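Trainee: Here the protein sequences come in this chain order: A and B. Residue numbers for the first sequence follow my numbering, so the first one is 147 and each next one is one higher. Residue numbers for the second sequence follow my numbering, so the first one is 18 and each next one is one higher.
Keep in mind that the hints were calculated from the coordinates and are not lab data. Predicted, not measured: the structure shown is a model, and the values here were computed from it. Careful: at least some of the hints might be erroneous.
[As the list claims (entries may be wrong)] Simulated restraints, written as ranges between beta carbons of each label pair:
(1) B:D60 <-> A:E219: 53 to 63 Å
(2) B:D60 <-> A:R422: 42 to 52 Å
(3) B:A133 <-> A:P229: 20 to 30 Å
(4) B:Q94 <-> A:A389: 17 to 27 Å
(5) A:P195 <-> B:K127: 41 to 51 Å
(6) B:V123 <-> A:R362: 28 to 38 Å
(7) A:E219 <-> B:D45: 27 to 37 Å
[What the hints assert, rightly or not] Distance condition first, Cα-Cα at most 30 Å in a straight line; then the derived DSS-like pairs of lysine-lysine:
(8) A:K185 <-> B:K127
(9) A:K370 <-> B:K72
(10) A:K370 <-> B:K127
(11) B:K72 <-> B:K127
[Unchecked claim] Computed from the model, here is a short list of chain A residues facing chain B with C-beta under 8 Å:
(12) V346
(13) Q349
(14) L350
(15) I353
(16) A360
(17) L364
(18) I366
(19) G367
(20) W369
(21) K370
(22) S371
(23) I372
(24) T373
(25) G378
(26) A379
(27) V381
For every residue, glycine included, the Cβ atom is placed at its ideal position computed from N, Cα and C.
Letter by letter, the chains look like this.
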Amino acid sequence: MADDVRRWSDELARDPNSLVFLELGEALRRQRQLDVAHKIALRGVERHPRNADAHDLVARIAVDRGDLQLARERWSIVLQLVPGHAGALKGMGYLSYQEGRFNDAEQYLSHVAAADGQEHVTSALATVRRTSMSLPAVPAPAAEPSTTPGATPGAFDDPRRLFADLLVDDGQTAILLDSAGYVLGGMYVDANGADVSTDVGAQLSGITDEVRRAMRHLDIGDWKSITFETQGAVVAMAPSVDASLVVVATSRATPLGLVRRLLDRCGTRATSWLERGVGR
Amino acid sequence: MMPPLRPIVDGLTRQRGVRASLIVSEQDGLIIESSLRFGQDGDRVAALAASMYRKARLSAAAACLGAVAFLQLDAEQGRMCAVGGRSDFVIVVIADPGANVGLIRVELFKALEMLA
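Construct the complete structure from the given sequences, taking the supplied hints into account.
Mentor: Right, dumping it as structure tokens:
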């Protein structure tokens, strides 16, 4: 990959009008070099303003940088240039889902599914339909505002919406796992809008076994939380009642202090919910 | 050429609230260099920290989250911070609960740069 990036960079330096910026920008995005990727994509758009893939690249990088407004603007341009552009439809579906506009999300994803029927699109569409069927048209937080993080969430009859009103920024997601790693509440949604809670929960819950084992020998008392930064996300976990586990994930753009506060709020919500006996 | 490791761990242990700092092999959990306050069992800390970091790395990779750069474990009577991901080395710090973890994180990444 490093060789490819170098080759594409050289090619772009030789010929600034080359379309190789599309591959270069995407490679840098995947390597999480978002600022550089953003600059390259914007330069590409300046030189190729009618190229839909260039705007699509800017939008995808914008999502990773947490700038959803820019992403929406760019994907709107893409759809004006190429109605039915699969990347833009998937992107708009993702943005709509994140904003709780499930009908819009379903419409966008239906178009993509009808066109190419990729498995992850079909899965994302199924997630949107399950969510929209079990919820009122207005998202639960709007129907019952709650400014107190620990307030008993009466509106959360759907466990998947347990943390919905606490996740204020884009790219934030939270799940509650039982002692066996099964999902009790919340949702972990990936960049394609697919609900991957079960897989991610099972993988991450394994860390806590290691933590418990270490705590017995490190002489620093019981563990309260674990946070780790990865290339793609910041993940924080804390134990909750009945040996359950709250997992919060945010984009790398979210400050660590904010992640910790979010974890605290989700922990309070989970405790309140479990103590009501809802999750049992 | 690898820089002298002793000044790196000594520099970390000089931070306020830090009880121990170690450079550990993630693969086998053995100490490569350490700077410990009296009463710390370096071998035990090294083995457990390396094991925890490795588990976090594998779990994060399995969950498609990418490589783990920084890990922080908070407990009632202390906290453990670790950085790694560039080689087999993991740099570990054990600190008091009230230690400034933001500063420790910065110093850990500086130390990692020196090792790279």
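Trainee: Does each hint fit the structure? Answer for all of them.
Mentor: Here's how the hints hold up against the structure:
1. B:D60 <-> A:E219: 53 to 63 Å: holds (56 Å)
2. B:D60 <-> A:R422: 42 to 52 Å: holds (46 Å)
3. B:A133 <-> A:P229: 20 to 30 Å: Given about 48 Å between the Cβ atoms, the range is violated.
4. B:Q94 <-> A:A389: 17 to 27 Å: holds (21 Å)
5. A:P195 <-> B:K127: 41 to 51 Å: Hint holds: Cβ distance 43 Å, inside 41 to 51 Å.
6. B:V123 <-> A:R362: 28 to 38 Å: Between B:V123 and A:R362, where Cβ atoms are some 30 Å apart, the hint holds.
7. A:E219 <-> B:D45: 27 to 37 Å: The hint (27 to 37 Å, Cβ to Cβ) is violated, given that A:E219 and B:D45 are roughly 52 Å apart.
8. A:K185 <-> B:K127: Answer holds: A:K185 to B:K127 is near 27 Å, not above 30 Å.
9. A:K370 <-> B:K72: holds (18 Å)
10. A:K370 <-> B:K127: Holds: A:K370 and B:K127 sit about 27 Å apart, inside 30 Å.
11. B:K72 <-> B:K127: holds (24 Å)
12. V346: Since chain B brings a Cβ to about 5 Å from A:V346, closer than 8 Å, the hint holds.
13. Q349: holds (4 Å)
14. L350: Where the cut-off is 8 Å and the nearest Cβ of chain B is about 5 Å from A:L350, the hint holds.
15. I353: Constraint on A:I353 satisfied, holds at 5 Å.
16. A360: Holds. Min distance 4 Å.
17. L364: holds (6 Å)
18. I366: holds (3 Å)
19. G367: Check passed: Cβ of A:G367 comes within 3 Å of chain B, closer than 8 Å.
20. W369: holds (5 Å)
21. K370: holds (5 Å)
22. S371: Nearest chain B Cβ about 5 Å off; hint holds.
23. I372: With a minimum Cβ separation of about 5 Å from chain B (threshold 8 Å), the hint on A:I372 holds.
24. T373: Hint holds; A:T373 Cβ to chain B Cβ min 5 Å, cut 8 Å.
25. G378: Nearest chain B Cβ about 4 Å off; hint holds.
26. A379: holds (5 Å)
27. V381: The hint holds - A:V381 has a Cβ within 8 Å of chain B, the shortest such distance being about 7 Å.
Checked against the numbered hints given earlier, this structure breaks hints 3 and 7; the rest are met.
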